[in-house]
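Enquirer: Guided by the hints, dock chain D onto chain A, whose structure is given.
Protein chains: 2
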Amino acid sequence: MTEADLATIYKTGQPFKLCCGAVLPELEIAYETWGELNAGRDNAILIEHAFSGSAHAAAGASGRPGWWDSMIGPGKAFDTDKYFVICANVLGGCSGTTGPASTDPATGKPWGLSFPTVSIRDMIEVQRLLLSHLGISRLKCIAGGSMGGMQTLQFVGDYPGFCDSFIAIAATIKHSAQQIAFNEVGRRAIMADPRWNDGAYYDAVPPEGGLSVARMIGHITYLSEQMMQDKFGRARKGDASLLSPSFEVQHYLDHQGLKFVRRFDANTYLYITHALDNFDLAGDLSGQERSRGEGRARGQDLDQLAGVKGLVISFSSDWLYPPDQGREIVKLLSRLGASVSYTEILSDHGHDSFLTDVESQTKIIKGFLESL
Amino acid sequence: MTEADLATIYKTGQPFKLCCGAVLPELEIAYETWGELNAGRDNAILIEHAFSGSAHAAAGASGRPGWWDSMIGPGKAFDTDKYFVICANVLGGCSGTTGPASTDPATGKPWGLSFPTVSIRDMIEVQRLLLSHLGISRLKCIAGGSMGGMQTLQFVGDYPGFCDSFIAIAATIKHSAQQIAFNEVGRRAIMADPRWNDGAYYDAVPPEGGLSVARMIGHITYLSEQMMQDKFGRARKGDASLLSPSFEVQHYLDHQGLKFVRRFDANTYLYITHALDNFDLAGDLSGQERSRGEGRARGQDLDQLAGVKGLVISFSSDWLYPPDQGREIVKLLSRLGASVSYTEILSDHGHDSFLTDVESQTKIIKGFLESL
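Same order as they appear, the protein sequences are chains A and D.
Heads up: the first sequence begins at 1257 in the numbering used here, then just goes up one per residue.
Heads up: the second sequence begins at 1257 in the numbering used here, then just goes up one per residue.
Errors might be hidden in some of the hints.
Each pair may be met inside one copy or between any two copies, as identical chains are not told apart.
Calculated lysine-lysine pairs in the BS3-like style (CA-CA distance at most 30 Å, straight line) [stated by the list, open to error]:
#1 Lys1493 - Lys1273
#2 Lys1487 - Lys1587
#3 Lys1587 - Lys1493
#4 Lys1365 - Lys1332
#5 Lys1515 - Lys1565
#6 Lys1273 - Lys1622
#7 Lys1587 - Lys1619
#8 Lys1332 - Lys1622
#9 Lys1622 - Lys1587
Because the hints were derived from the structure by calculation, they are not lab data.
Since the model is a prediction, treat every value here as computed from it, not as a measurement.
Isolated chain A, as found in the complex:
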């Protein structure tokens, strides 16, 4: 059973128009929920997943651990005794929501590279459709780490009147040159694999070599230098030879690469990193700011940001989305009128802290949600 099998599929029954102008003739959204929507329908929290995540954020009744189990559940940071928690797989993903591996109804074959280019804004538009389907017209909170934080920010920027609050963790308002560079190397590794075959590999062996290299690069950026050193140092396992790993860190990366290719789609890797690199909240919102009062094509008026409370969390050892970028989020959204608080958590676990640093995050997030 895959994580997609655990999700509920909402078929919108409508075509979906993307920012790039293309139209998907049909759209399926894979989602899960935990807890109960109250009578006032005002206790919903939307959780946004990170790059390689899925709708399966918490185990719930399935018994299969979710990617944020430590944070979602009865009595946890996102307390399912109080809140109705929702998480959906992103557009372009590979865990149930329509993406490049889905079937193009026009051809009966997987989309592959004929799938339209996806943006972070498209992802949140899809989630808006899901919320509407669930009868939710206002969120208590929207929250996520890493790419989940970027979706959170896009949602709040586009629909400030829809959210009481937001929590953006280990995120940024836009990628730096180095962040684009790391993604580019991952993409190149996939495209350099002949099995990638211009994205048409769904009836053959997928480009596992390239995808696994891409994931290895990712993993280096997810861990802090210090944590890697403490965990692996120069420890060895097995004999050293030119081609087979002998350092434990080599085995670790190898394992991460292999684990990833069993559950992730190489084309999704290309589409979603492209969306990440092109995400630019500052540019986007300043465009909206300029058009204040001129009637905007999308979303709601930025003035409504004044009613939104925000929490931004960064981790001291996160060198992928470092604290500087967290402070930039605060600056931008405060300038636009939101009430944003900022916490830098002292942690050795690098970017992965948003998944592993449960205690500090729980305390801060619980306090924030209770204060609303």
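Expert: For chain D alone, coordinates are given in the frame of chain A:
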């Protein structure tokens, strides 16, 4: 004309035994020299090249720029009016010295993966043979940056009585887990390319895709995050599409990858990164320390380090071989008796500073050499 064509080839005419126990039936060493050896034969400086370098450190009469032109020449840091400067391509390399692309005399075909595993110590043993051929029994100085710094340290550790002084720049006494991890991803990128064909690609198209990805990863680590941001930021060139680069940093990496595959051998990449990851000066010298007075198999007595003057240079923005690792070099060699001074140069250029930061390095190195 390649850089190998500019070098002089010294054929030792003898088999060469490596640390791994294997014996190369023949050995060729590609080297260049600048300046004149004086009558006392005591003005020789050996320059060690970095990972992707060659013997062509300076233009000399060739007119073709060398990789350290800014530092080697009349009146420069390594002043060829005063010193006899030598640089040789490393064992296992691909610019003239015997390596995996060389012909195995037993088969008449390229060695490929049957080439024996190379260590940093093997590299300096080869250079000792060259120095002996040139009639040099003592070096005024041995110097290098990055992998050149590691060879420098190995040379001084093994033959302290052979060197008046050493200069190790942007180097380390051993790789951290993160440094091994970056190299591992590069190796995996090459091996994932089917054209690599277990190292037997010399009569076909080489694994350019994999090698180019490996080089891209390297380039990210050579530049500081800040420098990348200042140089490229989010600037774009051309239209954005899913598969063709539109950010300038993508074009830059692409260009670096393509440039590299035209001049570098993929198997050499595997052999030399393996040597780098397995380099461990501290472990090595503490073994030698333990055997002081017990008669050592190799090299000279560590007591002679007391007569050696050292200079260690790190760069503030170098995150590949950060200043902490420079200070470790100083600690280790000072403890063993050498007189080592340390300078951290404030620079924005990351690891590449050893190639680009000419002014500060020149001042410091000139002063150091004149003080001897």
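Enquirer: Measure nothing new, just compare the shortest in-copy and cross-copy C-alpha distances for Lys1365 and Lys1332 to 30 Å and report within, between, both or neither.
Expert: Cα proximity of Lys1365 and Lys1332: none, with 43 Å in one copy and 65 Å across.
Enquirer: Using 30 Å as the alpha-carbon threshold, which applies to Lys1622 and Lys1587: within, between, both, or neither?
Expert: Close inside one copy (23 Å), not across copies (47 Å); limit 30 Å.
Enquirer: Which holds for Lys1273 with Lys1622 at a C-alpha limit of 30 Å: within a copy, between copies, both or neither?
Expert: neither (37 Å within a copy, 65 Å between copies)
Enquirer: Could you figure out if Lys1587 and Lys1619 sit no more than 30 Å apart (CA to CA) within one copy, between two copies, both or neither?
Expert: Within. Shortest intra-copy distance 24 Å satisfies the 30 Å Cα cut-off; inter-copy 42 Å does not.
Enquirer: At 30 Å max between alpha carbons, let me know whether Lys1515 reaches Lys1565 within a copy, between copies, both or neither.
Expert: Neither, since 38 Å and 50 Å both go past 30 Å.
Enquirer: Could you figure out if Lys1332 and Lys1622 sit no more than 30 Å apart (CA to CA) within one copy, between two copies, both or neither?
Expert: within (8 Å within a copy, 63 Å between copies)
Enquirer: Regarding Lys1587 and Lys1493, is the shortest C-alpha distance of 30 Å or less found within a copy, between copies, in both, or in neither?
Expert: between (47 Å within a copy, 29 Å between copies)
Enquirer: Can you tell me if Lys1487 and Lys1587 fall within 30 Å by alpha carbon in one copy, between copies, both or neither?
Expert: between (35 Å within a copy, 24 Å between copies)
Enquirer: Indicate which option fits the pair Lys1493, Lys1273 if close means a Cα-Cα distance not exceeding 30 Å: within, between, both or neither.
Expert: between (52 Å within a copy, 27 Å between copies)
Taken one by one, the earlier hints fail for this structure at numbers 4, 5 and 6, listed in ascending order.
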